[in-house]
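Note that the protein sequences, when read in sequence, are chains A and B.
FYI, the numbering for the first sequence is 64 to 272, going by the numbering used here.
FYI, the numbering for the second sequence is 64 to 272, going by the numbering used here.
None of these hints come from the bench; they were simulated from the model.
Keep in mind that this is a model prediction, so the values were computed, not measured.
Any given hint could turn out to be false.
A pair holds if it fits inside one copy or across any two, identical chains being indistinguishable in the list.
What the hints assert, rightly or not - Below, in silico cross-link-like pairs of lysine-lysine (DSSO-like), each with a Cα-Cα straight-line distance of 30 Å or less: (1) K68 / K116; (2) K119 / K99; (3) K99 / K118; (4) K116 / K99.
Residues per chain, in single letters:
Number of protein chains: 2
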Amino acid sequence: MAEPKQERAVKTRETILFAAAQVFDECGYQGASISKIMHRADVTQGGLYFHFKSKKGLALAVMAHQQEFVHFPEGGVGLQRLIDLNFFLAYELQTNVLFRASVRLAVDQGDFGVQDDTAYQEWVDQFYVHMCAAREQGELLDDVDEREFATMLVGAYSGTQIFSNVSTGRADLPERITTLWRYLLPAVATPETIRRLRFPTSAKHRVAA
Amino acid sequence: MAEPKQERAVKTRETILFAAAQVFDECGYQGASISKIMHRADVTQGGLYFHFKSKKGLALAVMAHQQEFVHFPEGGVGLQRLIDLNFFLAYELQTNVLFRASVRLAVDQGDFGVQDDTAYQEWVDQFYVHMCAAREQGELLDDVDEREFATMLVGAYSGTQIFSNVSTGRADLPERITTLWRYLLPAVATPETIRRLRFPTSAKHRVAA
Numbered sequence: 064m065a066e067p068k069q070e071r072a073v074k075t076r077e078t079i080l081f082a083a084a085q086v087f088d089e090c091g092y093q094g095a096s097i098s099k100i101m102h103r104a105d106v107t108q109g110g111l112y113f114h115f116k117s118k119k120g121l122a123l124a125v126m127a128h129q130q131e132f133v134h135f136p137e138g139g140v141g142l143q144r145l146i147d148l149n150f151f152l153a154y155e156l157q158t159n160v161l162f163r164a165s166v167r168l169a170v171d172q173g174d175f176g177v178q179d180d181t182a183y184q185e186w187v188d189q190f191y192v193h194m195c196a197a198r199e200q201g202e203l204l205d206d207v208d209e210r211e212f213a214t215m216l217v218g219a220y221s222g223t224q225i226f227s228n229v230s231t232g233r234a235d236l237p238e239r240i241t242t243l244w245r246y247l248l249p250a251v252a253t254p255e256t257i258r259r260l261r262f263p264t265s266a267k268h269r270v271a272a
Numbered sequence: 064m065a066e067p068k069q070e071r072a073v074k075t076r077e078t079i080l081f082a083a084a085q086v087f088d089e090c091g092y093q094g095a096s097i098s099k100i101m102h103r104a105d106v107t108q109g110g111l112y113f114h115f116k117s118k119k120g121l122a123l124a125v126m127a128h129q130q131e132f133v134h135f136p137e138g139g140v141g142l143q144r145l146i147d148l149n150f151f152l153a154y155e156l157q158t159n160v161l162f163r164a165s166v167r168l169a170v171d172q173g174d175f176g177v178q179d180d181t182a183y184q185e186w187v188d189q190f191y192v193h194m195c196a197a198r199e200q201g202e203l204l205d206d207v208d209e210r211e212f213a214t215m216l217v218g219a220y221s222g223t224q225i226f227s228n229v230s231t232g233r234a235d236l237p238e239r240i241t242t243l244w245r246y247l248l249p250a251v252a253t254p255e256t257i258r259r260l261r262f263p264t265s266a267k268h269r270v271a272a
């Protein structure tokens, strides 16, 4: 039996989105073109325009799907969960082209006339949830503002990955995140919590050479 | 008496660099063009190509001059100096088009096929000098690694300004830098030092509305 039409459309849309992410990741927004994306996705112009009206529409779709492109496994709670998520995202930036492209577009969005901090704010919301769990578990120092810290961390994290990308193609990102946390924790967590927290060994989070 | 030829050439070069920075700041690398820059600088094509061979050459020159575009007034030493510099740079990002363009190009450099962390490393070197002065003055905790901290701070600062730019056009950058330092200081400075450090009031560092 033939695939239902709707299911095929969803698959085609995903194929296009994935191809677009690859092309944006490689070429940036300005260097990408509809024809490159068509070719990569192996779809016709009509097929592409059925789903996306323009290159900008494609970029916005890739950017908007940032959270959907990563699937963080269950486990942990509070500060440990937040730290694990930070390392997980580093690994995803190294290996997941969809996520990497959406992050790149969020950084370069001025290039296509967009000023939209949604992609950043969604990470603030995620980080905030883990900070609230940390508060409930008594892990945080009294004067920590959960949302303020989450906002600061999203900014600091973004720049850390950008600098790491320019320096080493993100090979040293896990080490840099370890350093970032090392200088943040004393302002955030109780000494008992800091002793309990575990940071991954760097080798595990490195892309194989 | 007519201006000496060499002096005129230096002035023309500066005019072109300034015009290029404005155009890169407004349009990004891909959106900028030699003809836009020529028009803005009010020079002929021959005049421009005498100084710069290509758009990429112009971008590299703007990017390379990041430190020359800001003139940090004398005063202070150690951690206070580093903090003052951080706020000074926020003000420059808000108001100095040359500096803003060079920072933007350093972030977007993948767009023109460059992977060069010199602009970042030069800030690391600057921050490192102030960290070493802070160490000499006994301001730092024993386990602080001056270069590691300087590197971390450059990354964290970059992302903080990018997020602030997307959210508020950098209007809230001074507040965000205050927050960043608030969560870094307990890992870095002795309690006496922290009590002594001064952060600017936010109003002073805001761009007038």
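Structure-based check of each hint:
Taking the shortest alpha-carbon separations for K68 and K116, only the intra-copy value of 20 Å comes in at or below 30 Å, while the best inter-copy value is 54 Å. When the C-alpha separation of K119 and K99 is checked against a cutoff of 30 Å, the pair qualifies both within a copy, at 14 Å, and between copies, at 23 Å. Proximity of K99 and K118 under a CA criterion of 30 Å is satisfied in both settings, with 11 Å inside one chain copy and 24 Å between copies. Taking identical chains as interchangeable, the C-alpha atoms of K116 and K99 lie at most 30 Å apart whether they share a chain (15 Å) or sit on different chains (29 Å).
This entry satisfies every hint, going by the numbered hints stated previously.
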